[in-house]
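Student: In case you want the letters, here they are:
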Amino acid sequence: MFESCSDPSALHGLSWMLCYLTTGKHLLFYGSFGIVLILLAITAPVALIFGFGGALAARSALWPFKLIGRGYIAMVRGVPDIIFFLFVPIAMDQGLEFLKSRAVCEDTSAPVWSNNEFHVCAAAKIPLGSSPQLYHEIYGFALAVIAFSVVYGAFAANVLYGAMQAVPRAQLETAEAYGMTRAQVNRRVLIPQMWAYAIPGLSNLWMILIKATPLLFLLGIEDIVYWARELGATKSQIYAFPHPDWRLYYFLVLLVFYLLMTKLSEIVLAKINRRIAFGQATAAGEALRKAGA
Amino acid sequence: MKKLILTAAILGLSAGVAAAETVRMGTEGAYPPYNYIDDNGQVAGFERELGDKLCEMEGLTCTWVTNDWDSIIPNLLSGNYDTIIAGMSITEEREKSIDFTQAYYPPAASAYMSMDPNADLKGGVIAAQTGTIQAAHVAESGATLAEYATLDDTIAAVKNGEADAVFADKDALAPFAGTDGMEFVGDDVPLGKGIGIGLRKSDTALKDKFNDAISKMKADGSLNEMIKKYFGDDALTFN
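In order, the protein sequences belong to chains R and F. Each residue of the first sequence is one higher than the one before, starting from 0 at the first, in numbering that gives the first Met the number 0. Each residue of the second sequence is one higher than the one before, starting from 0 at the first, in numbering that gives the first Met the number 0.
Chain R extracted, bound-state conformation:
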């Protein structure tokens, strides 16, 4: 990166360290922290939408919706998330390529799954084999985001379903007595009140989501764990910057990063919690009222 770094073998001490920490590889490592943040920024709202849909469906009076909602929620109780993280991207990738192959391949007589190979014509590949590597990486990342959203959406659905059930029945009955339709009751009374019950559970979920981000590594995405492992490993003389096994220090950096992330989240979530509890007939709301009085 710097002019003075062109000959690493001549460097010592601090200048060696400075050059070492600014190699192209390290810049990729720093960039990968961004991947984690982007994952969180996309997954959290998408999972919340999935959760909202799941919870409303589970409460629906129509049995098909109810079945879908309940089934979705039951999924997180019955299946380890790690299985889902491994299953969803592969299943989606092969599913999409299979569908695309039916549409674009000229000859579809050959079986797609044969001899333990998954084989579609070159035109049906997603992204195309000729696309830049960046597209492949974005595609892989998008599949990972979907896997995270499906799993955490199901968790969120469970939390929101519970929160909706926790809203006192009397509140809803009163609304009904005023002649509101079911949709109006949901929109005007149920949903505004359920947040007070949902936020503690959702906060917890957010923390779990932060801590689950290293699972990206399992999906072959070059995230912070991948780079920490790669950079920390013993580097022999073949590399420009040889060093012994430094994985300990790299993992220490990750540890500090995650501690900072969760600590920061705790502070923000505590504020949100306080705001939402205000004026609610819950223990937290009651504590606020007493403190104010």
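Keep in mind that the hints are not guaranteed to be accurate.
Once the Cα atoms are required to be at most 30 Å apart in a straight line, the calculated DSSO-like pairs of lysine-lysine come out as [unchecked claim]:
hint, chain 1, residue 1, chain 2, residue 2
1, R, 124, F, 228
2, R, 210, R, 24
3, R, 289, R, 270
4, F, 192, F, 227
5, F, 217, F, 95
6, R, 24, F, 228
7, R, 262, R, 289
8, F, 228, F, 158
9, F, 52, F, 200
10, R, 124, F, 95
11, F, 192, F, 169
12, F, 192, R, 99
13, F, 215, F, 169
14, R, 24, F, 169
15, F, 52, F, 217
16, F, 52, R, 24
17, F, 217, F, 200
18, F, 95, F, 200
19, F, 227, R, 24
20, R, 124, F, 52
21, R, 24, F, 158
Bear in mind the hints are in silico, worked out from the structure with no lab data behind them.
Knowing the structure of chain R, use the given hints to seat chain F on it.
Tutor: Same frame as chain R, but now just chain F:
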């Protein structure tokens, strides 16, 4: 005769046009000097240079992809990339699921490395990378096999005392000789049928192209030169 030459020329030309396809080269990126990620974050090493050369000779556009060693065959089969060029020895076990080109590296010696010159190689704990021919050899030798995901992990295991010795390709271990008292111990063991490029069984056209290019490089001696460049003058070469 004229017609034949013309046809051959046209065939040659059209082959050249059709060959401008993209091949995704899958490698591990953690097995220097065969393949590793250099300080700019790019795939480098013997196989990078060889792969680029082979692609250039056959008019293919090649892009490089890294993948964990333990899922490198399944991800080839599911089409994430088109070749495995990752120091993978040709073995009968692997030939059941994938095809190999002819060897681009002769059957290389595997070796033990330890910090203790008297390490018990027959009955002790020997570290090896998961799914390698070396791991299979250790399992058969009677020693206790300790498997690790990457070569680095096997070296680290010996250094921190989890394993008595590591067993891997001699060339891959060579850069570690002399660091923290690590030395080669015991005799070298020849394993496998050489290192080839792994391909899906259905990709016969691609296999023919790589075989053709490797033959050419063997014939003109450029493959041997490249081997010597990365593995030293004492390295095994094709004759």
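Student: Hint by hint, note whether the structure agrees.
Tutor: Outcome of the hint check:
1. 124(R) to 228(F): Violated, at roughly 37 Å.
2. 210(R) to 24(R): Given pair residue 210(R), residue 24(R) holds - Cα atoms ~24 Å apart, limit 30 Å.
3. 289(R) to 270(R): At roughly 18 Å apart (the allowed maximum being 30 Å), residue 270(R) and residue 289(R) satisfy the hint.
4. 192(F) to 227(F): holds, 19 Å
5. 217(F) to 95(F): holds, 27 Å
6. 24(R) to 228(F): holds, 24 Å
7. 262(R) to 289(R): holds, 28 Å
8. 228(F) to 158(F): holds, 29 Å
9. 52(F) to 200(F): The hint holds at about 23 Å.
10. 124(R) to 95(F): holds, 25 Å
11. 192(F) to 169(F): holds, 15 Å
12. 192(F) to 99(R): Violated, at roughly 39 Å.
13. 215(F) to 169(F): Answer holds: residue 215(F) to residue 169(F) is near 27 Å, not above 30 Å.
14. 24(R) to 169(F): holds, 27 Å
15. 52(F) to 217(F): Distance ~13 Å between residue 52(F) and residue 217(F) Cα, so the pair holds.
16. 52(F) to 24(R): It holds: about 24 Å lies between the C-alpha atoms, which stays within 30 Å.
17. 217(F) to 200(F): The given pair, whose Cα atoms are some 24 Å apart, holds under the 30 Å limit.
18. 95(F) to 200(F): Roughly 9 Å between the alpha carbons, so the hint for residue 95(F) and residue 200(F) holds.
19. 227(F) to 24(R): holds, 27 Å
20. 124(R) to 52(F): holds, 26 Å
21. 24(R) to 158(F): holds, 25 Å
Checked against the numbered hints above, the structure violates hints 1, 12; every other hint is satisfied.
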